[in-house]
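Participant: Protein chains in written order, with numbering that gives the first Met the number 0: chain B, 0 to 170; chain Z, 0 to 170.
Incorrect hints may appear among the rest.
As the list claims (entries may be wrong) - Listing some non-contacts, in silico: residues in chain B with all C-beta distances to chain Z over 12 Å:
#1 D48
#2 I64
#3 A78
#4 Q104
Stated by the list, open to error - DEER-style ranges, computed between Cβ atoms:
#5 G33/Z / A101/B: 15 to 25 Å
#6 G111/Z / A32/B: 24 to 34 Å
#7 S106/B / A11/Z: 52 to 62 Å
#8 E91/B / A11/Z: 30 to 40 Å
#9 E82/B / A163/Z: 43 to 53 Å
#10 A11/Z / A101/B: 31 to 41 Å
#11 V147/B / R9/Z: 16 to 26 Å
#12 D95/B / G111/Z: 27 to 37 Å
#13 Q104/Z / A32/B: 20 to 30 Å
Source of the hints: derived by calculation from the structure; they are not laboratory data.
Glycine residues also receive a C-beta, built at the ideal position from the N, C-alpha and C atoms.
Listed below are the residues making up each chain.
There are 2 protein chains.
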Amino acid sequence: MLLADAEIDRLAFREAMSHFTAAVSLVTTDGEAGRRGVTVTAVCSVSDDPATLLVCLNRSSEANIRFEQNGVFAVNVLADRNEGVARAFAGEGGLDLEGRFATAQWSRLQTGAPILEDAIISFDCRILESREVATHRVMMGRVVALSVPKAGHSLLYRARRYHALPYQDER
Amino acid sequence: MLLADAEIDRLAFREAMSHFTAAVSLVTTDGEAGRRGVTVTAVCSVSDDPATLLVCLNRSSEANIRFEQNGVFAVNVLADRNEGVARAFAGEGGLDLEGRFATAQWSRLQTGAPILEDAIISFDCRILESREVATHRVMMGRVVALSVPKAGHSLLYRARRYHALPYQDER
Chain B
0 MLLADAEIDR
10 LAFREAMSHF
20 TAAVSLVTTD
30 GEAGRRGVTV
40 TAVCSVSDDP
50 ATLLVCLNRS
60 SEANIRFEQN
70 GVFAVNVLAD
80 RNEGVARAFA
90 GEGGLDLEGR
100 FATAQWSRLQ
110 TGAPILEDAI
120 ISFDCRILES
130 REVATHRVMM
140 GRVVALSVPK
150 AGHSLLYRAR
160 RYHALPYQDE
170 R
Chain Z
0 MLLADAEIDR
10 LAFREAMSHF
20 TAAVSLVTTD
30 GEAGRRGVTV
40 TAVCSVSDDP
50 ATLLVCLNRS
60 SEANIRFEQN
70 GVFAVNVLAD
80 RNEGVARAFA
90 GEGGLDLEGR
100 FATAQWSRLQ
110 TGAPILEDAI
120 ISFDCRILES
130 REVATHRVMM
140 GRVVALSVPK
150 AGHSLLYRAR
160 RYHALPYQDE
170 R
């Protein structure tokens, strides 16, 4: 399938990306602009020194600008036990913001961004840089605190469905 | 574990990131600066309109600058059948560049970057922007061609080991 530039349309790219398996994370923020949360798959590690990661958020989401305004975010890496929370924050069930947060237990670390109590691990970040790239905003965050890691099967997304990667820590 | 900025050291962050499950991809380039390939987990979708994705490469790698010089890269999304290729390009076995490429079959799409024949899917990209962020370089690529998707269990990495996500396409 050799396609010229103009032919990689939105649907073809989305179909192609559906073959890519990604971990599901819940990205949250809190502060003067208010508390928000978004279920995402576009998270990756950028650098370990200093500890930096990035998240891509769709600019069409109302929540998006709140992250930048608060200047902080947390990446909560989800286990299969968190699938209900992932679905709630992806908009399934039609819950409002308070209803979505009511589906789980939260704490805080350093920035005040909501930390999901039973996530596999959470990265608490201050936004270093936030920039628009086409339809999305790429936020780079400096990791300023970490939760205690918890065992769990990873919640993954491929082919528009949730999956679990069975996992036994043998270290 | 509430840690102040200075306490999130390299090892603590690497340990924390080891709990994050990521798909394994082989990122390749070719052109005037030469052919190279690197096994990575830091790939994510940025935008579907226009189709854009990003890859983070460690700047300490000699291969890194070749990507920028060639101005193109391909992201080959790996199946569990590609674990040997992933290990070869991660430096296991001590193969030289030619030896690594000799472990698999390749083709090309539009940019000339090597396309792994039996990957799940490949994204052929022109570099839109490449920038340094701490230890790494973040390359944003516009997707200009796609391979035909192939069935396969996703090759994943968690806790410093390879895993496979069994997958049956039911669409």
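Participant: For each hint, tell me whether it holds in the structure or not.
Facilitator: Structure-based check of all given hints:
Its closest Cβ contact with chain Z, about 5 Å, brings D48/B to no more than 12 Å, contrary to its assignment away from the interface. With a cut of 12 Å on Cβ distances, I64/B stays outside the contact zone with chain Z, its closest approach being about 17 Å. With a cut of 12 Å on Cβ distances, A78/B falls inside the contact zone with chain Z, its closest approach being about 10 Å. With a least CB separation of 17 Å from chain Z, Q104/B remains clear of the 12 Å interface cut-off, as annotated.
For G33/Z and A101/B, the Cβ-Cβ distance of about 56 Å falls outside the hinted range of 15 to 25 Å, so the restraint is violated. Taking the beta carbon of each, G111/Z and A32/B are about 46 Å apart, not inside 24 to 34 Å as hinted. Look at S106/B against A11/Z: about 19 Å separates their beta carbons, and that is not inside 52 to 62 Å. For the hinted restraint 30 to 40 Å between E91/B and A11/Z, the CB-CB distance of approximately 35 Å keeps it satisfied.
The hinted range of 43 to 53 Å is not satisfied by E82/B and A163/Z, whose Cβ atoms lie roughly 21 Å apart. Between A11/Z and A101/B the C-beta distance comes to about 32 Å, which sits within the given range of 31 to 41 Å. Evaluation of the 16 to 26 Å hint for V147/B and R9/Z yields a pass: the beta carbon distance comes to about 19 Å. Remark: the range hint 27 to 37 Å for D95/B to G111/Z is contradicted by a beta-carbon distance near 51 Å.
Under the hint 20 to 30 Å, the C-beta atoms of Q104/Z and A32/B, about 51 Å apart, miss the expected range.
Violation of the numbered hints given earlier is confined to hints 1, 3, 5, 6, 7, 9, 12 and 13; the remaining hints are satisfied by the structure.
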